[in-house]
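K.L.:
Residue numbers (this note's numbering), protein chains in the order written: chain Y, 1 to 115; chain U, 1 to 109.
It is worth saying that the hints were derived from the structure and are not from the lab.
On a predicted model such as this, the values are computed, not experimentally measured, just so you know.
Worth double-checking, as some hints may not be accurate.
What the hints assert, rightly or not - Simulated crosslink set (DSBU-like; lysine-lysine; CA at most 30 Å straight-line):
{"#": "1", "chain 1": "Y", "residue 1": "LYS64", "chain 2": "Y", "residue 2": "LYS14"}
{"#": "2", "chain 1": "Y", "residue 1": "LYS20", "chain 2": "Y", "residue 2": "LYS55"}
{"#": "3", "chain 1": "Y", "residue 1": "LYS66", "chain 2": "U", "residue 2": "LYS69"}
{"#": "4", "chain 1": "U", "residue 1": "LYS69", "chain 2": "Y", "residue 2": "LYS41"}
{"#": "5", "chain 1": "Y", "residue 1": "LYS41", "chain 2": "Y", "residue 2": "LYS66"}
{"#": "6", "chain 1": "U", "residue 1": "LYS3", "chain 2": "Y", "residue 2": "LYS41"}
{"#": "7", "chain 1": "Y", "residue 1": "LYS64", "chain 2": "U", "residue 2": "LYS69"}
{"#": "8", "chain 1": "U", "residue 1": "LYS69", "chain 2": "Y", "residue 2": "LYS55"}
As the list claims (entries may be wrong) - Here are the in silico distance ranges between beta carbons for each label pair:
{"#": "9", "chain 1": "Y", "residue 1": "THR113", "chain 2": "U", "residue 2": "GLU66", "range": "29 to 37 Å"}
{"#": "10", "chain 1": "U", "residue 1": "SER9", "chain 2": "Y", "residue 2": "LEU26", "range": "17 to 25 Å"}
{"#": "11", "chain 1": "U", "residue 1": "LEU80", "chain 2": "Y", "residue 2": "THR113", "range": "24 to 32 Å"}
{"#": "12", "chain 1": "Y", "residue 1": "LYS14", "chain 2": "U", "residue 2": "ASP11", "range": "42 to 50 Å"}
{"#": "13", "chain 1": "Y", "residue 1": "GLN42", "chain 2": "U", "residue 2": "ASN23", "range": "15 to 23 Å"}
{"#": "14", "chain 1": "U", "residue 1": "ASN54", "chain 2": "Y", "residue 2": "THR113", "range": "39 to 47 Å"}
{"#": "15", "chain 1": "Y", "residue 1": "GLY61", "chain 2": "U", "residue 2": "SER9", "range": "24 to 32 Å"}
Don't be surprised by glycine CBs; every beta carbon is placed ideally from N, CA and C.
For reference, the chains in residue letters:
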Amino acid sequence: GAVVSQHPSRVICKSGTSVKIECRSLDFQATTMFWYRQFPKQSLMLMATSNEGSKATYEQGVEKDKFLINHASLTLSTLTVTSAHPEDSSFYICSASFRDTDTQYFGPGTRLTVL
Amino acid sequence: DAKTTQPTSMDCAEGRAANLPCNHSTISGNEYVYWYRQIHSQGPQYIIHGLKNNETNEMASLIITEDRKSSTLILPHATLRDTAVYYCIVRGEFNQFYFGTGTSLTVIP
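This is chain Y alone, in the form it adopts within the complex (with noise of 0.2 Å):
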């Protein structure tokens, strides 16, 4: 149980493009969604927060208008990353948990490359 898949796996697009990933909890209903992002050799650092129907809280330092988060529903949650540009290319990576758990569920990570 308790499996967090996301889409695509990897991507690569030119500068100036926007890119859509997807993360879903596939066996239970997240009513929080997380989204991080990963350097190479780095830690996973903390983007936005997402409760499913309520606006994103983005982590200081974060564009909120530059990474839209969308939580439409309780099994689905979308990261858009607007005019792309080389130094966006990372390890996008999301999490679920559900109503009165902290623990987090993480998806397998999406690999953007920008050229």
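Got chain Y; can you put chain U on it based on the hints?
P.N.:
Frame of chain Y; chain U shown alone:
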């Protein structure tokens, strides 16, 4: 910011117990300690969590000191597949996880 500190790296012989320490001296009374591990280029995998009692599951044991300021994750019989970065986490005010640098465990044949 992460509320935990861990050694940067450790080695362990295959078949031996791996003991990974973590300091969380600012933990408050109702905060759990979580352990995850990340194998290269994958999402973190949940291992175990605890509040104040020792915990054990099929993957590992978690020993939390009585004052709760530190804990130790024990992998009883390390295998090569346990080579990973291990993260000890205490959640933030709104249930966020702030990852520290973790401990890179290398299991040696």
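K.L.:
So, for every hint listed, does it hold in this structure?
P.N.:
Each hint tested on the structure:
1. Proposed proximity of LYS64/Y and LYS14/Y is supported: the alpha carbons are some 21 Å apart, at most 30 Å.
2. Distance hint between LYS20/Y and LYS55/Y is fulfilled; the C-alpha atoms sit about 17 Å from each other, no more than 30 Å.
3. Among the hinted pairs, LYS66/Y with LYS69/U is inconsistent with the structure: their alpha-carbon atoms are about 39 Å apart, more than 30 Å.
4. About 28 Å separates the Cα atoms of LYS69/U and LYS41/Y, which keeps this hinted pair within 30 Å; it holds.
5. Annotation: proposed proximity of LYS41/Y to LYS66/Y holds, straight-line Cα distance about 24 Å (limit 30 Å).
6. Between LYS3/U and LYS41/Y the CA atoms are separated by roughly 20 Å; this keeps the pair inside 30 Å, and the hint holds.
7. Proposed proximity of LYS64/Y and LYS69/U is contradicted: the alpha carbons are some 35 Å apart, above 30 Å.
8. Restraint check for LYS69/U and LYS55/Y: the C-alpha separation of about 35 Å exceeds 30 Å, so the hint is violated.
9. For the pair THR113/Y and GLU66/U, the supplied restraint of 29 to 37 Å is violated, since their beta-carbon distance comes to about 48 Å.
10. Evaluation of the 17 to 25 Å hint for SER9/U and LEU26/Y yields a failure: the beta carbon distance comes to about 34 Å.
11. A hinted range of 24 to 32 Å for the beta carbons of LEU80/U and THR113/Y is consistent with their spacing of about 30 Å.
12. Take LYS14/Y and ASP11/U: their Cβ atoms lie about 43 Å apart, and the range 42 to 50 Å holds.
13. Between GLN42/Y and ASN23/U the beta carbon distance is about 21 Å. The supplied range of 15 to 23 Å therefore holds.
14. For ASN54/U paired with THR113/Y, a C-beta distance near 44 Å keeps the hint of 39 to 47 Å intact.
15. Separation of GLY61/Y from SER9/U is about 28 Å and conforms to the stated range, judged on CB atoms against 24 to 32 Å.
Hints 3, 7, 8, 9, 10, counting from the list given before, are not met by this structure.
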